[in-house]
Amino acid sequence: MCPTQARVAISSEASKTAVSKYSSVSSSLLEVRDLRIYFSTFRGEARVIDGVNMTVREGETLVLAGETGCGKSLTAKAMLRVIPIPPARIVSGKALFRGKDLLQVDETELQRIKGREIAMVPQDPMTALNPVYTVEDQMLTMMIWQGHEDVAVKDWLKLTRNKKLRKELTERALDVLRSLRIPSPELVMKRYPIELSGGMRQRVLIATAFLKRPRLLIADEPGTALDVTVQDKIIRLLKDRISRENLSTLYITHDLGTARKLAHRIAIMYAGRVIEVGNVEDVFNEPLHPYTVGLIRSLPKLHGGIGEGIPGMVPDYLNPPRGCRFHPRCEHRMPICDQVRPEMVEVGPGRFVECHLYMG
Amino acid sequence: MNTEVIRVNDLRKYFPLYGGILRKRVGEIKAVDGVTFSIGAGETCALVGESGSGKTTVGKTIVRIYDPTGGTVYFEGRDVTNLSQDELMSVRRKMQMVFQDPTSSLNPRKRVRDIVTAPLEVHRVGSNSERLARAAELLEIVQLSREYLHRYPYGLSGGEKQRVALARALALDPCLLVLDEPTSALDVSVQAKTIALLGELQKKLSLTYLFISHNLVLVKNIAATVLVMYFGKIIESAPTQELFRCPSHPYTMTLLSSMPVVDTEVELPASGELENIVEAGIDLANPPVGCRFYPRCAFREELCQEAYPKLREIRKEHFVSCHFAEQMLT
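From first to last, the protein sequence lines are chains A and B. So the first sequence is residues 2 to 361, counted in my numbering. So the second sequence is residues 24 to 353, counted in my numbering.
None of these hints come from the bench; they were simulated from the model. Every residue gets a Cβ at the ideal spot worked out from N, C-alpha and C, and that includes glycine. Watch out, some of these pointers could steer you wrong.
Away from chain B, derived, C-beta distances all over 12 Å, residues of chain A [to be verified]:
#1 Gly45
#2 Pro85
#3 Pro88
#4 Glu108
#5 Pro132
#6 Lys159
#7 Arg167
#8 Glu187
#9 Leu212
#10 Met335
#11 Met360
Below, simulated SDA-like cross-link-like pairs (lysine to any residue); rule was C-alpha separation at most 20 Å, straight line [what the hints assert, rightly or not]:
#12 A:Lys262 x B:Ser280
#13 A:Lys262 x B:Asn238
#14 A:Lys78 x A:Glu108
#15 A:Lys78 x A:Phe40
#16 A:Lys262 x B:Met276
#17 A:Lys262 x B:Lys47
#18 B:Lys47 x B:Tyr37
#19 B:Lys226 x B:Ala64
#20 A:Lys115 x A:Arg58
#21 B:Lys339 x B:Arg323
#22 A:Lys240 x B:Thr277
#23 A:Lys240 x B:Ser280
#24 B:Lys227 x A:Glu309
#25 A:Lys159 x A:Thr142
#26 B:Lys133 x B:Glu160
#27 A:Lys95 x A:Ile114
#28 A:Lys168 x A:Leu212
#29 A:Lys164 x A:Pro184
#30 A:Lys240 x A:Arg179
#31 B:Lys227 x B:Lys339
#32 B:Lys226 x A:Glu309
Each pair of labels, with its calculated beta carbon distance range [said to hold, decoys possible]:
#33 A:Val106 x B:Glu51: 56 to 62 Å
#34 A:Asp102 x B:Lys226: 56 to 62 Å
#35 A:Gln105 x B:Ala308: 56 to 62 Å
#36 A:Pro322 x B:Ala64: 44 to 50 Å
#37 B:Phe322 x A:Asn131: 38 to 44 Å
Build out the structure end to end from the sequences listed, making use of the hints.
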């Protein structure tokens, strides 16, 4: 048995037992604490992520929702250390994944974790696949080189020429494709990304994420570039898969409708801060933060029309408002709001909000 | 309310397909294949469908960005299908289009005032100073402050850019606006504001809208009638209330059930049963004889593959192109 294979087998065993052990406890799998990321620009320092706190528990789907430019994708990318530093600068914060700080671990360890325990489905299916390789090439390459670094020529030959390994990995890839209900997966494997439809490409990307058995899935708006019927299918497949494998998921989206379909809990982000957290139905039924209220009101509804939106726009990160970052747009503004930043308070079990209206 | 602003009769638009070494014309893509509808003055009509269904092509053919392959377009009772460029000029003053992506529909090298006054220049309306005054007035109409006149598009947010595009479309006092997914590039809170603005403008300037969109829930809130397109054909059209109360084409039902809905009082439908899982587009160069939704339809029968279901009226003003529309409701 070759090393890669053995490792795949072991890690799948490990994750199975781990899931059954943890699912009842629902302890935290990923914990982001006080994450601050600033960007240096010619005009000064942009304080884009300014103290993000959130927790993804074992076996739950947390949706991180917010509008364009609120820093939701950036938070996820920063955790996986795929943002360019500089211009970005991680000022403070921790991203604890099973107790290990992803922002501190060394490169080898990070590669190992990213390779095996955290999978990410990127946003845009049109650009995430390499156009000059077939789907098969891309999926196999990922599996073959997982966890390998500084490979000598000898090892390289051994791995690429190993027909038996290739065959087994191909089988595995086909299995994953089949489980995502891709029609005739053998043909799809031989295709170039350009020959596939958007929905198909997105499914290939999801399949690629599931090649390993991740503990945590980070999905950055999969399906937003697709038609609603296709998007709906993708989300159903994803949901199905998540519940079957009891997977923890961080799902990033700006679409609250999708969020409602998928999430257990939802965290609303505004201008680099998480401002409200709660169970999905609670947040939709009774939004607390004025921003969440406005956001839910502006969604077109099947019954009861469409709201009037929120006045103003997302603040300039170079010179963000003092105190609460939402105060210039807020209809419940109080004198204290532009002086003191509100703290996150727990107003009910598992229900957090960061607003002066709910403090003391 | 009863006067028709626009009537489209059996509109067709085929795009040529070239192939072989000599790049000879080998066929055509039938992007729009026989579309008929009309919109009354001051009404909003929504054209819904997924990408590739030809909804944008319908919009562009109506304002004559594309020349139609067949069929007729009547604008205010006049046949405008085969007008020459000169004659078109006068008609175009009355129908304008707002495009989907405000970033690419505004020239990045021009200031807002030049963008907004461009239509006036093309149509030789007013003097320079009059045009500038008109531009300021237009910005006020779309609720932007006057200082935006001297700014470039890159300094504007998506919502503001779309307002500038809207101001440009309104410059010549049109009566028909073709809105091609005007809010799909915007955030929800900005979308809500833009929709509110469009509603206000419609009342104030008595505009008629053809609203092209893929978002059924949004459409429910603004349109009087809805046309659902699927691969070049209208497969269902009805007054909005009627369509949402009893959708009668399997595709419309699929579309409705896959909408992400946020109303908490609405039960989330189990959309899985409505559709076969195959993801099949159809070849628009050689469209099938039968129903175009056949490969995806969960209720298909043999008849559907053999004969194209004609668009027929199953209830008052409710047209469906499905052999079994009556059975769908049960």
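Structure-based check of all given hints:
Every CB of chain B is more than 12 Å from the CB of Gly45 (chain A) (nearest about 17 Å), matching its label as outside the interface. Look at Pro85 (chain A): its CB is around 22 Å from the nearest CB on chain B, clear of 12 Å, so calling it non-interface holds up. Pro88 (chain A), annotated as away from the interface, keeps every beta carbon of chain B farther than 12 Å; the closest lies near 19 Å. Every CB of chain B lies more than 12 Å from the CB of Glu108 (chain A), the least distance being 37 Å, so the non-interface label holds.
Residue-level check passed: Pro132 (chain A) sits 20 Å from the nearest beta carbon of chain B, beyond 12 Å. At roughly 39 Å, the least C-beta separation between Lys159 (chain A) and chain B is larger than 12 Å, which holds for a residue marked as non-interface. For Arg167 (chain A), the non-interface assignment is confirmed: its Cβ lies about 28 Å from the closest Cβ of chain B, beyond the 12 Å cut-off. For Glu187 (chain A), the shortest C-beta to C-beta distance to chain B comes to about 16 Å, beyond the 12 Å cut-off, and the non-interface label holds.
The non-interface label for Leu212 (chain A) is consistent with chain B: the shortest C-beta to C-beta separation is roughly 21 Å, beyond 12 Å. Non-interface status of Met335 (chain A) relative to chain B is upheld: no Cβ of that chain comes within 12 Å, the nearest being about 22 Å off. At roughly 25 Å, the least C-beta separation between Met360 (chain A) and chain B is larger than 12 Å, which holds for a residue marked as non-interface. Of the pairs offered as hints, the one joining Lys262 (chain A) and Ser280 (chain B) holds, with about 12 Å between alpha carbons and a cut-off of 20 Å not exceeded.
Using a Cα cut-off of 20 Å, the hinted pair Lys262 (chain A) and Asn238 (chain B) holds, with the two alpha carbons roughly 17 Å apart. Between Lys78 (chain A) and Glu108 (chain A) the alpha-carbon distance is near 15 Å, which keeps this suggested pair within the 20 Å criterion. The hinted pair formed by Lys78 (chain A) and Phe40 (chain A) meets the criterion: a straight-line CA distance of about 14 Å does not exceed 20 Å. A threshold of 20 Å between alpha carbons decides the hint, and for Lys262 (chain A) with Met276 (chain B) the separation of about 18 Å falls inside it, so the pair holds.
Taking the CA atoms of Lys262 (chain A) and Lys47 (chain B), the gap is near 49 Å; set against the 20 Å cutoff, the hint is violated. With a CA separation close to 16 Å, the supplied pair Lys47 (chain B) and Tyr37 (chain B) stays within the 20 Å bound. With a C-alpha separation of about 11 Å, the suggested pairing of Lys226 (chain B) with Ala64 (chain B) holds against the 20 Å cut-off. The suggested pairing of Lys115 (chain A) with Arg58 (chain A) holds, with an alpha-carbon distance near 18 Å, which does not exceed 20 Å.
For the hint linking Lys339 (chain B) to Arg323 (chain B), the alpha-carbon distance of about 25 Å lies beyond 20 Å, and the restraint is violated. Between Lys240 (chain A) and Thr277 (chain B), the direct Cα distance comes to roughly 19 Å. Compliance with the 20 Å bound is thereby established for this hinted pair. At roughly 16 Å between alpha-carbon atoms, Lys240 (chain A) and Ser280 (chain B) fall within 20 Å of each other, so this suggested pair holds. With a C-alpha separation of about 18 Å, the suggested pair Lys227 (chain B) and Glu309 (chain A) falls inside the 20 Å cut-off, and the hint holds.
Under the criterion of a C-alpha separation no larger than 20 Å, the hint pairing Lys159 (chain A) with Thr142 (chain A) is consistent with the structure, at around 14 Å. In summary, the hint linking Lys133 (chain B) to Glu160 (chain B) is supported, as the alpha carbons are separated by about 19 Å, within the 20 Å threshold. At roughly 16 Å between alpha-carbon atoms, Lys95 (chain A) and Ile114 (chain A) fall within 20 Å of each other, so this suggested pair holds. Using a Cα cut-off of 20 Å, the hinted pair Lys168 (chain A) and Leu212 (chain A) holds, with the two alpha carbons roughly 15 Å apart.
At roughly 26 Å between alpha-carbon atoms, Lys164 (chain A) and Pro184 (chain A) are farther apart than 20 Å, so this suggested pair is violated. Proposed proximity of Lys240 (chain A) and Arg179 (chain A) is supported: the alpha carbons are some 16 Å apart, at most 20 Å. The suggested pairing of Lys227 (chain B) with Lys339 (chain B) is violated, with an alpha-carbon distance near 31 Å, which exceeds 20 Å. Taking the CA atoms of Lys226 (chain B) and Glu309 (chain A), the gap is about 17 Å. The hint holds against a cut of 20 Å.
Restraint check, Val106 (chain A) to Glu51 (chain B): a C-beta distance of roughly 58 Å satisfies the suggested window 56 to 62 Å. Against the hinted window of 56 to 62 Å, the Cβ-Cβ separation of Asp102 (chain A) and Lys226 (chain B) comes to about 57 Å, which satisfies the hint. Between Gln105 (chain A) and Ala308 (chain B) the beta carbon distance is about 57 Å. The supplied range of 56 to 62 Å therefore holds. For the pair Pro322 (chain A) and Ala64 (chain B), the supplied restraint of 44 to 50 Å holds, since their beta-carbon distance comes to about 46 Å.
For Phe322 (chain B) paired with Asn131 (chain A), a C-beta distance near 40 Å keeps the hint of 38 to 44 Å intact.
In summary, the numbered hints that this structure violates are 17, 21, 29 and 31.
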